[in-house]
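J.: Given two chains presented individually in distinct reference frames, assemble the corresponding complex, making use of the accompanying hints.
If you read the protein sequences in the order shown, they are chains A and B.
Going by the working numbering, the residue at position 96 of the first sequence is 96; the numbering climbs one at a time, nothing skipped.
Going by the working numbering, the residue at position 97 of the second sequence is 97; the numbering climbs one at a time, nothing skipped.
Don't read these hints as lab results, they were simulated from the structure.
Treat the hints with caution; some may be incorrect.
With a straight-line Cα cutoff of 30 angstroms, these simulated DSSO-like cross-link-like pairs (lysine-lysine) come out [unchecked claim]:
| # | chain 1 | residue 1 | chain 2 | residue 2 |
| --- | --- | --- | --- | --- |
| 1 | A | Lys24 | B | Lys96 |
| 2 | B | Lys54 | B | Lys96 |
| 3 | A | Lys68 | A | Lys78 |
| 4 | B | Lys96 | A | Lys68 |
| 5 | A | Lys24 | A | Lys78 |
| 6 | B | Lys96 | A | Lys78 |
| 7 | A | Lys24 | A | Lys68 |
| 8 | B | Lys106 | B | Lys54 |
Negatives, chain A to chain B, calculated, CB over 10 angstroms [to be verified]:
| # | residue |
| --- | --- |
| 9 | Glu14 |
| 10 | Asn52 |
| 11 | Val114 |
Beta carbons: idealized from backbone N, C-alpha and C, even for Gly.
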Amino acid sequence: DAGVIQSPRHEVTEMGQEVTLRCKPISGHNSLFWYRQTMMRGLELLIYFNNNVPIDDSGMPEDRFSAKMPNASFSTLKIQPSEPRDSAVYFCASSLGGFGNSPLHFGNGTRLTVT
Amino acid sequence: GIQVEQSPPDLILQEGANSTLRCNFSDSVNNLQWFHQNPWGQLINLFYIPSGTKQNGRLSATTVATERYSLLYISSSQTTDSGVYFCAGGGSGTYKYIFGTGTRLKVLA
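Okay, chain B solo, but in the shape it has when bound (with noise of 0.2 angstroms):
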């Protein structure tokens, strides 16, 4: 089945900074989403995007499915950015989201 690598799986940030998370997939996926858990537990929707570039405030992520693999781009960072951050996909007529193992963001204010 497909593998899903996230990187960094951990990042400590200053309130203000900027990052790039990385999601590479072992094969192809037709089916991409990008989700936010944060500290009490909720899986948060960010974006579904299998491919090209979405933007929502100071998030945006992009995914070149032909080369397998998507980045979120956290721009001015703040400590409700804190959490763990998942990349999940699946592959051609399948229902199957295979999880990441996650980033955990740790914002510092």
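Bound conformation, chain A alone (with noise of 0.2 angstroms):
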């Protein structure tokens, strides 16, 4: 299996502008999660979708941040306008099951830096 594929893996680009980033999760998984690494706050649950659809946002940090599932075979995480503060490593991790039941394949991650 390919495991999980996100795009772009790096990403520079100025404040104000909209960022999207993609994951493509391992074929036959039904979990989706984005999750955001940064040095002050470690690893952070952003969104979680089951079957498609986002279950919980909560961890979202503001309206500037929306993600979408249009399929089971892609997501995308858009932050617009994005802001300096917004630059860490996101990552798309996949899991098979809904309730955490199964273990977490996660992307290589996009390192996004604002300036």
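T.: Encoded structure:
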């Protein structure tokens, strides 16, 4: 299996610009997670989808952040407008099953730098 | 919510040495995973181990769910073992894996 695929690997943008991060989960996995990793806060769950439906977006920091999952094989995380404090590594993860009863598999992450 | 504590926060080993990393949970967890974040930032699955003991080569893990802790053993460490080791767990019926702050391991040649 190809694993969880994220793109781009690196993104550098200027403050105020729109940023879109992409994720393709492992085929057959029905749960998808977006995490953010920073030195200050560690790994934080932003949003969780189950069967393409957003179940919990309480970790999304602000209205500038939005996420979609139009089908079982694709998800996006969008930041509009971006700010320097959004600089972080954003990970997508998927799992088989809906309630934490199977392991998480992470993509390689997208390192976002907002100047 | 569940709190996850990892110890030690930092560890420096000479190549060939053994080590034990610990993960404590404030409440019972039904799901527990160990990850290795390598120097390139990739999060690699090591073990999914809600309870019991598993081994994979030089690595093994034990979770004692009733006592709310898990241990990761690294034997005959190699420089490629360097990186940060995270444990993460979630309670019953929850999808929310809570991550510890990690153990940063450096193995010297």
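J.: If you check each hint against the structure, which ones fail?
T.: none
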